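Enquirer: Keeping their order, the protein sequence lines are chains A and B.
Taking this note's numbering, I'd label the letters of the first sequence as residues 1 to 349.
Taking this note's numbering, I'd label the letters of the second sequence as residues 1 to 238.
Any given hint could be a false lead.
Claimed, not checked - Using 25 Å as the maximum straight-line C-alpha spacing, the simulated SDA-like pairs for lysine to any residue come out as follows:
(1) A:Lys226 - B:Asp73
(2) A:Lys344 - B:Gly91
(3) A:Lys198 - A:Glu279
As the list claims (entries may be wrong) - Residues on chain B that point at chain A, a partial pick, calculated with CB under 10 Å:
(4) Glu29
(5) Pro70
(6) Val75
(7) Gly80
(8) Leu92
(9) Thr100
(10) Ala102
(11) Ala118
(12) Val132
(13) Gly186
Note that these hints are calculated values from the structure, not bench results.
On a predicted model such as this, the values are computed, not experimentally measured, just so you know.
All C-beta atoms, glycine included, are put in the ideal place defined by N, C-alpha and C.
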Amino acid sequence: MYKLTTRTRAGTTTAIVAVALVLAGLPLPAVTSRGVIQDLFFILTMLTLAQLWNLLAGYGGLVSVGQQAFVGIGAYAMFAGVILAGWNPVWAILLGGVAGLLLAIPTAFFAFRLQGAYFAIGTWVIAEVTRLLIAQWKTLGGGTGTSLPREATSNILGTDAIRALFGVREAAARDILAYWLALLLVVIVTGGIYWLLKSRLGLALAAVRDNSEAARSVGVDTGRLKWAVFLIAAAATGLTGALIFMQTARISPDAAFAVTDWTAYVIFIVVIGGIGTIEGPIVGVIVFFILRSALADYGSWYLMTLGVIAIIVMLFAPKGLWGLISSRSGLHLFPVRRRLTGPKIEGGI
Amino acid sequence: MILRLDDVSKSYGALKVTDAVTFAVSRGEALGIIGPNGAGKSTLFNLITGNVLANAGRIEFLGRDVTRAPAMDRVRMGVGRSFQIPQPFEGLTVFENLLTAAAFGRGGREADMVDDCARILEETELLKKANVVAGSLSLLDRKRLELARAMATGPELLLLDEIAGGLTEGECKALVATIKAIHARGTTIIWIEHVLHALISVVERLLVLDFGRVISIGTPDAIMASKEVREIYLGLEV
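Build the full structure now, drawing on both the sequences and the hints.
Expert: Here you go:
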């Protein structure tokens, strides 16, 4: 007699538009410049990192400022796979995911003993320790870093076909491949998070976010849930890090473990877009890209402007720009709300 | 016996909040717990549910030692609870609150729990508001939601913590009728309450707690007639 539904018209429209955008994005390298492809690669990888940080902080309540540890370890694992084991860089990206996962186990073991701000600081400390340790790895360039060997970058899986297809040089072919992989990754990560939120685990995450004691009292295993979210985010962040540095083909500890690039900007994207929603990071990354393009030449003024904008948004729109749009329009592009339909039920939401 | 506590104690530093508490509850019984503020009533609930672990003693539920078992395991075994101050999942709807409790408290697919959640919502007079966000509910509806969410876990033992507190006479009466109906279906109930007439209309026995100790346990008539209880709890000099 009663039914559960999550389907809405907006959700169906979003699904159709998302498929259309992805399909339109595939042949884009044929009609746009290398600069545009590089910009899109940047947007897609930052969006992936933002979705993952949002999963951690917005849904899991785990405010980490040490995600650069997983970007860095993922990137270095990819370089190690190529330089030390002779793997093709595309396959070596997978090593980045494994490395992120492996680093997340001891990180969670220590960091989960801390709460709130102490957890945040703890993750940052672990990221710094990892950076210092990696800087001792002389085979991979120590503190100054290294580049992918020429023979590896010229033989990346699929680049020959891309060169033939688009008539481009080797470096441009690598950019196109990286762009496609970034597109694949953002689809998997965003789709995966959406699927997770619509599953039983999504309910558990929301319950823990709202009240962890009450969540335990209805049978939610809050500890296991936090572990699961942390490990998933770490592995996918490791993959993203490996992909980012496959595209640049050059690595150093300072670049791979940069707290500004891989955590501060990511937090900015999520906060101004809207934490705890899938739409938020999408809005946030667009705003961030526009600001970056407009202000990149102004040095530290750029960072200060980002900070001021973040403070203004937090004061006047604490749920971010998407929160503002959503509360006024009632729009949810990725609906996760379970509605009960049947007799005697009023509209509610 | 569905629940048995033997010499259960809990201290926070030098402060002993539960002091060698011993009692047992039969299956299908309704037991009321009374005592002055700070007597350790809510701590006793937290010890039974596993939200707090005992320093000493033994807690048995359905014949199994659960003294060290975490809260989520006890829920799955059949211990459901409400909180003194309602603690809904505010960002979720009323229905989603129940769905979470049903899916995790019993373990199972969401789709299989829908009809049962709707039945509990109807019984607790929340069905109309099933799709309303819990954070926007009034106090009465929050209390109803506490009861409904605890019921959704499928409890054999239901622990109610001052669920009638703060309600008007009419609201209290409606809630008591719901609790009576739940009890009549065979659910064992332990109920902490200051609204004595509501409590006495449901429970078969009363347990009096003071400074973490069991002062007295017996039928409501016997307890209310006890000079010691009237002095401690009601502040009456007889």
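Enquirer: Hint by hint, say whether it matches the structure.
Expert: Here's how the hints hold up against the structure:
1. Taking the CA atoms of lysine 226 (chain A) and aspartate 73 (chain B), the gap is about 17 Å. The hint holds against a cut of 25 Å.
2. Proximity of lysine 344 (chain A) to glycine 91 (chain B) is assessed by CA-CA distance (about 23 Å); at most 25 Å being required, the pair is judged to hold.
3. Note on lysine 198 (chain A) and glutamate 279 (chain A): the hinted pairing holds, with a Cα-Cα distance of about 15 Å set against a maximum of 25 Å.
4. For glutamate 29 (chain B), the shortest C-beta to C-beta distance to chain A is roughly 22 Å, which exceeds 10 Å, and the interface hint is violated.
5. At a threshold of 10 Å, the smallest CB-CB gap from proline 70 (chain B) to chain A is about 7 Å, leaving the interface hint in force.
6. Satisfaction of the interface hint for valine 75 (chain B) is found here, the shortest Cβ-Cβ separation to chain A being roughly 4 Å, below the 10 Å cut-off.
7. Taking 10 Å as the C-beta cut-off, the interface hint given for glycine 80 (chain B) holds, the closest approach to chain A being about 8 Å.
8. Here the hint on leucine 92 (chain B) is kept, as its CB sits about 6 Å from the closest CB of chain A, short of 10 Å.
9. Of the supplied interface hints, the one on threonine 100 (chain B) holds, with its beta-carbon coming within about 5 Å of a beta-carbon of chain A, less than 10 Å.
10. Nearest Cβ of chain A to the Cβ of alanine 102 (chain B): about 9 Å, under the 10 Å cut. The hint holds.
11. This hint holds: alanine 118 (chain B) has a C-beta 4 Å from the nearest C-beta of chain A, less than the 10 Å allowed.
12. With 10 Å as the threshold, the beta carbon of valine 132 (chain B) comes within range of chain A, its nearest partner Cβ sitting at about 4 Å, so the hint holds.
13. Given hint, glycine 186 (chain B) at the interface with chain A, is violated; its Cβ is 21 Å from that chain's nearest Cβ, farther than 10 Å.
Against the hints set out earlier in the document, violations occur for numbers 4 and 13.
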